[in-house]
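Enquirer: The chain contents come next:
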Amino acid sequence: MGRPTLKSTFTAFLYLLPALLIITVFTIYPIIKSLLISFYNDYDFFQDIVYERGIDSYIYLWNDPNFHLALKNTFIFVIGVVPCSIILSLLIAILLNTNIKLRALFRTVYFIPFVTSVVAVSIVWRWIFHTEYGVLNYFLGLFGVDPIAWLTDPKWAMPSLIILSIWKGLGYNIIIFLAGLQNINDQYYLAAKIDGASAIKRFFFITVPLLSPTTFFVSVVSIIGSFKVFDEIYALFGGQPGPASSALTVVYYIFEKFYGEWNFGVASAAAYCLFIIIFILTLIQLYIGKRKVTY
Amino acid sequence: MIRDALSKATIYITLSLGGVLMLLPFIWMLLTSFKAGNEVMIMPPVWFPEKFHFENYKEAWEMAPFGRYLFNSITVTVLSTIGELITTILAAYAFSKMNFWGRDVLFAILLGTMMVPGEVLLIPNFVLLSDLGWIDQYEALIIPWTASVFAIFLLRQFFLSVPKDLSYAAKIDGCSDFRFLWTIMVPLAKPALFTIALLKAIGSWNAFLWPLIVTSSKEMRTLPVGLTAFSTEAGTVYELLMAASTMIILPMIILYIILQKYIIQGIAKAGIKG
Amino acid sequence: MKVKLNNLSMKFQDVVAVKELNLSIDKGKLVSILGPSGCGKSTTLYMIAGIYKPTDGELFFNEKLMNGLEPEHREIGMVFQNYALYPHMTVLQNIMFPLKMQKVPKRGALLRAKEMADLVQIGHLLDRKPSQLSGGQQQRTAIARALVRKPKLLLFDEPLSNLDARLRIEMREEIRRIQKELAITTIFVTHDQEEAMSISDEVLLMNEGIVQQYSPPQEMYDQPKNLFVASFLGSPPINQLKGKIFGKRIHLMETEQSIPIETEIANEDCTIAIRPEAFYIAEGDDFSLTAKVEFIEQVGRDIMAIVTIGQATLRAFLAREDQIQQDETIKLGIRKTGFHVFSSANEQNLPIRPAWDGHKN
Amino acid sequence: MKKWSSILISILFVLLLAACNSSSSTEEKEEKQQETKETTGKVQEPVEIEFWHAMSGNLETALTKITDDFNSQNDSINVKLVNQGGYGDLSQKIMAAAKANTLPTISQAYEDWTTEYIQNNLVADLTPYINDKENGFTEEELNDIVDVFRDANMWDGKYYSMPFNKSTRILFYNKGLLEEANVEPPTTWDELEAAAKKLTGSKDGKNIVGMGFENGVGHELPAWVKQAGGEFIDEKEGKVLFNSPEGIEALSFINSMIQDGTARLAGEDGYMSGPFTRGDVAMYIGSSAGISYVAKDAEGNIEWSAAPIPKGKEAANAFMGTNINIFQSATDEQKTAAWEYIKFLINTENTTYWAKETGYLPVRYSALESEDWKKYIEEVPVYGVGQQQLDSGFFDPRMVGAYGIKNAINKEVELVLLGQKTVEQGLADAEKAAQAELDKVK
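Residue numbers (the numbering used here), protein chains in the order written: chain A, 17 to 311; chain B, 51 to 324; chain C, 374 to 734; chain D, -3 to 438.
It is worth saying that the hints were derived from the structure and are not from the lab. Even glycine gets a Cβ: it sits at the ideal position worked out from N, Cα and C. Worth double-checking, as some hints may not be accurate.
[Said to hold, decoys possible] Facing chain B, a subset of chain C residues (Cβ under 7 Å, in silico): (1) Ile424; (2) Asn440; (3) Gly441; (4) Glu445; (5) Met451; (6) Phe453; (7) Asn455; (8) Tyr459; (9) His461; (10) Phe470; (11) Pro471; (12) Met474.
Kindly generate the complete structure, drawing on both the sequences and the hints.
Expert: Here it is in structure tokens:
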């Protein structure tokens, strides 16, 4: 490859130009701009005039009960989705990783929700969750459970959203876990078998530790993804953040402030808060990951 | 032996049950899309329509300009995928096989942007597109999405795994950098490129928030945005809604089933390497 | 083609990979560049190929300066350690690739490629993909690809290191055969001394970016210029003993014994290096060292004796008919050809001749 | 190394900014359009105007018909209809277009949108057009527009828009269910409560709820408060007034029915028309604009009719729906053409046609009194219900920030109806939130 020279730098930037142009204009510049907007106190959107700068937007967020609610809901959502999804997908991946027929078929089936439009499947789920005519309540009714107002009762809106999200994202995690499992050399299992470890022990003493990098990756991706939930809510609750804002998440909050109220300063500030939360969480995860990921 | 058979049976049963749960919404969607209006909103639910009403599809198709939505979705998906492939191939090549000043810093900056949630970009991008006069134009739907740091990262990893000797050999064989990229690297990276293209296509086809915000006229809507609009209009006419939904998800399911090998491989690879 | 390197140097950041290399290779010769890993041998080859641009010095092909020229214009062919076959192309496409790049008409290219394939004996594998070939077949394909453009210079970068032992011998003979047949100037990088010795007209031995010795293989073995050359060549490695030149003798540091020599040098610390095969059981008035046999190994026809002289442990190849026993004290004579003395200060070979005439030369 | 990359990045930036500043693409496009027009032009100076609307289904068909008529009668003016989806979409697109400088010539707009447009100097004052001797309205013509609609379009003595599709809420009821339970359509709150109780119950294994409200019932609060005899807001003083005994009475009335199960919200059905036409709900209060939807869905399911909203202490009915305004950014020719079009759109004949096709109310007295219309409502009485409420009509608050206020109130009302807050608590919180929104824009 040789050392960088003026010529090689020039050539390289020719190759990079298209991607860099797009990314600079539509990613890097907006990141900076967004930070600036979040400090606009008084802004005329139409004429692009800033009358006053300051931290009003952040103060507003600090005092806005809706933002607090959005934060709370987002955390509940993440806590509801991520562990559940990881455990379920790990279990399914392990079952799929056994020597069974139809493995490819199962894998395909579990992955299908991932490739389908959130909007389209949310519409189906909206109906599945219907209090009177939904199949879910029909099934529960067979077991003597009273109809649950999945989408109109603030208590149940979040669980409904969580169910939908787990269902949607399961396939992706399964694929990654499967790949992780296949990377574990069979010899470890043979050795452990010879050493007399039972299947359960083999799982806890070989699979779990050797899979830890994968688990780590999956959890980072899931957490970040879950923090950004929006489409599901919009489609599931018909353009509302759930009954009594019970499914108002941070991104939904940003969307409302931005597109409903045209309050760019607050929306940007909220977006940056989200960014900072994700950033801190990622750092924490990296830190834990370094210490806990066994190899 | 019996224990083995038993545990095997348990596995099959568990997996099948899970699979049915995964598919049930789709089955329900598909079956309902063929039902007559009076078979939809009733309790207990009717699973199979008495007669298959294929005309539901026609009706849904005519109720909203789905033809136009479909055209838009295909245009946007195809063009942004092609665009992303081109920018990604070029950039990943530069990052993996060239040495230039600022390479590592630049790459670190790009990776850093992956941490930023897309919502942060929404507002300035919207303002920017307004200034450019791209709102409600194909440009807005396509151009911002023709480059992806994630794709560059993925392909770079793949390119890095190609031995250097190959490029030296090609050089000695009289092949220029640019030609080497397209005649050797690109064919070699086919699996990675397929993955990138498919993930892109899926993402682009299903994208909702962005097209919702940057399109205004009916003529510019993509399928998901059109579908939500249709769902407000069609209200609770579920058989038509389901027909429309089926039309939207079917292309991606078919695409996925045909090319699933690449998607799964690619995701697995990207996942493992992090 | 004649190759000449003039003070050629290569620096990576602050590391000097090759330092002021001077070398001249005559037309039609096969030269091995030998050395331990990281000695700069591959770097040298890459500079000759034009993949690396030297930071200093000049490179000439037939008196023509090559420094600024891109690899594709140097009329060279190269075979890489892992063959660098294009995995998505068939054998034939691989061999034809350089011709395609030169825009050679397809028919001519096809003919030429087939000719090359026949030369390396893979004419029957043309439609296979590299992944369907054995290591040796891949190697042959790579050679065919390197040769197809009729290069004036053929470069090999550790071409045999990925093959198993038997195939390695077969392939090196094959390379020698092809090279002779085409009479093409060839540079062959290897870390395997046996390979270098067996195949080359001349060997260039490098260490830490610096040329240690450039000479025909046998000469390098018999007349090493310095301790590194002496110790790098030979298996088992040459025996080394610390000594001090004192009067007309070298006193062995770890023993009471000494060796008579003829020299002008006095009072200098030195290292005595003796090839294991230079020892023999002394008779009569031969000069000899007294050694104790610690251990005996059968090595095919011969035996290898591990002996101690004072504190020092040495290896000696002896004939079976010598019938030595473990724990026996023996007298070892030294043949002159396998005896070298190096200065401890700069490890250079000292002009010292043994002052005895061992009856066995 | 670092220096180089930063220089390159800054060069890129400069290039980009240069690219951004020259938003020439749209200008070019406009030029092109004009060129093509010239080549096809028949009469001198043809004008094309765009009309952004949110009408779909029947409504769009009717609008298209009127517009086609206009276009064929006016060679030099071509009105292009652009459907922007729902009202929410329309509002968002207009904001975006205002920023991008790609506003259409005319658009539908609610009063509170227009307030904001006026603030940002986006819409044209229509008064000069109205007063124009040749092309304007005569005194009579202007007074022919229904008072409550006309007043809603006046800001500080100036007209900024003209009424277009106007609706009000009416009480839909299921004839069969009411007859069966021997209930007359209620005319007062007490009757409504009693009827809802009577109608609630199960029939043929189906649960029937007596009364239904739309999801955004919080948005209806102004009408309910007024019916209870209270005031909702003082727009001049910028003070919310609904947290009063009357306000509490109004919300308690709705809430008690919801809590005891004699009434329900549309909930996941989105709009009440769904459960109503399925026969799950016996009565509901909803927009008269929904008549055509109800009629379509009810076919073969239920027999139904409609009645005016039951009275509280007073009768008070909000009139809703959009008006049409002309954007300042249009050229003078476009504005004049747009004015011509608006006049055409709401002339007696067309507003009658529009009302008959859609269920909206005619916006002119002359239309309401025309034989054509009278005959029509005789045939289809439900279409005549809305106009019976004109005397008690008012329009919703339309000051700056109304959107935020309405949302804040609706949120609190929702919490009350979901049983998460008491009526008192909910109204107090709603007052606080609404006042905060009001103070924010002050």
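Enquirer: Going back to the hint list, which numbers does this structure go against?
Expert: Hints 2, 3 contradicted; others consistent.
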